[in-house]
Amino acid sequence: MGPSDAELAARVVAGDDRNAFAALVRRHQSAVRSVLRRLCAGDVALADDLSQETFVRAWQGLRSWRGGARFSTWLHRIAVNAWLSQARRAPTPVPDEVGSQAAPSGAVEARRDLERAFAFLRPEERVALALAYAQDLTHEEAAEAAGWPVGTLKTHLLRGKEKLRQRLVPQEGAA
Amino acid sequence: MNDPHDPIEAALRDSAYLDDGRFTEGVMGALPPRRPRPRAAILLSAGVAAGGVGAIALGEPIHAAVVALGAGTAPAMLLGGAVLALAAGVLLRAARE
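Those sequence lines, one after another, are chains R and U.
So that you can map any letter, position 103 of the first sequence is 103 in our numbering, and since no number is skipped, the others follow by simple counting.
So that you can map any letter, position 20 of the second sequence is 1020 in our numbering, and since no number is skipped, the others follow by simple counting.
Bear in mind the hints are in silico, worked out from the structure with no lab data behind them.
One thing to keep in mind: the hints can contain errors.
Unchecked claim - Quick look at which bits of chain U chain R covers, simulated, 3 or more residues with Cβ under 8 Å:
no., segment
1, 1007–1017
2, 1023–1033
As the list claims (entries may be wrong) - Below are the EDC-like pairs computed for lysine to aspartate or glutamate, each with C-alpha atoms no more than 16 Å apart in a straight line:
no., chain 1, residue 1, chain 2, residue 2
3, R, Lys163, R, Glu140
4, R, Lys154, U, Glu1009
5, R, Lys154, U, Glu1060
6, R, Lys163, R, Glu124
7, R, Lys163, U, Glu1009
8, R, Lys154, R, Glu124
9, R, Lys163, U, Asp1006
10, R, Lys163, R, Glu109
Said to hold, decoys possible - Computed footprint of chain U on chain R; a stretch qualifies when at least three of its residues, placed anywhere within it, have a C-beta under 8 Å from a C-beta of chain U:
no., segment
11, 67–81
12, 145–154
13, 163–169
For every residue, glycine included, the Cβ atom is placed at its ideal position computed from N, Cα and C.
Input sequences plus hints: build the corresponding full structure.
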């Protein structure tokens, strides 16, 4: 097991240690990129651009991370803020339909359909679902990253999941 | 609230690890360049100051040596001060590193 996030961050702050920061990026890139892919409704290129922006902002603001929250929670908050800024500038277009009418043929296709279905959600529902199901956040940490009370997070979660269910799960009796 | 048999719940929980590829490399390339360290300027100033003090303190011996070598006075004093400043700077830098 390598050095903790706090140890790596301390090396970055104390000595402009870029190797330590690269280790932090490698450790957290998958979680951050996954969350942003959902927030960006499957737009992989935009999600990776925002992920890069997230880590650059983290580098610039690392001195402000006091270790009160876990590094991943702090990082996800930066990611959400980067996405919200982007969404205000250029809202995600809503696709005509998600996936095919038939059931998705594989895990990759199913994952892509789910990401694209996020385009039908309100921004707060996207944030709630993306953070609450992020790879290593608890609901409490997801709420903290979103800047909400846990109850607000759960309300948005329920609404978002219901909308996804209507989009993605074949309804009984439907032709 | 979380039904394990709910297909939406299952789909949301299904999250594959994303291979880094060249992502980290891209982030590191996008970071702002290193800030010039103030330490070099501090060391240089300290070296010049130490050299100045040395030139004043050792002015007479240097002057005598320069006269003995047959060189002019003012340029020789400046040269002697510069050599001392350089030596003091190198020593200080070596001591810090």
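Going through the hints against the structure:
no., hint, in the structure
1, 1007–1017, "holds (count 10)"
2, 1023–1033, "holds (count 8)"
3, Lys163(R) x Glu140(R), "violated, 23 Å"
4, Lys154(R) x Glu1009(U), "holds, 14 Å"
5, Lys154(R) x Glu1060(U), "violated, 84 Å"
6, Lys163(R) x Glu124(R), "holds, 13 Å"
7, Lys163(R) x Glu1009(U), "holds, 12 Å"
8, Lys154(R) x Glu124(R), "holds, 11 Å"
9, Lys163(R) x Asp1006(U), "holds, 14 Å"
10, Lys163(R) x Glu109(R), "violated, 19 Å"
11, 67–81, "violated (count 0)"
12, 145–154, "violated (count 1)"
13, 163–169, "holds (count 4)"
Comparing the model with each earlier hint shows violations of hints 3, 5, 10, 11, 12; every other hint is respected.
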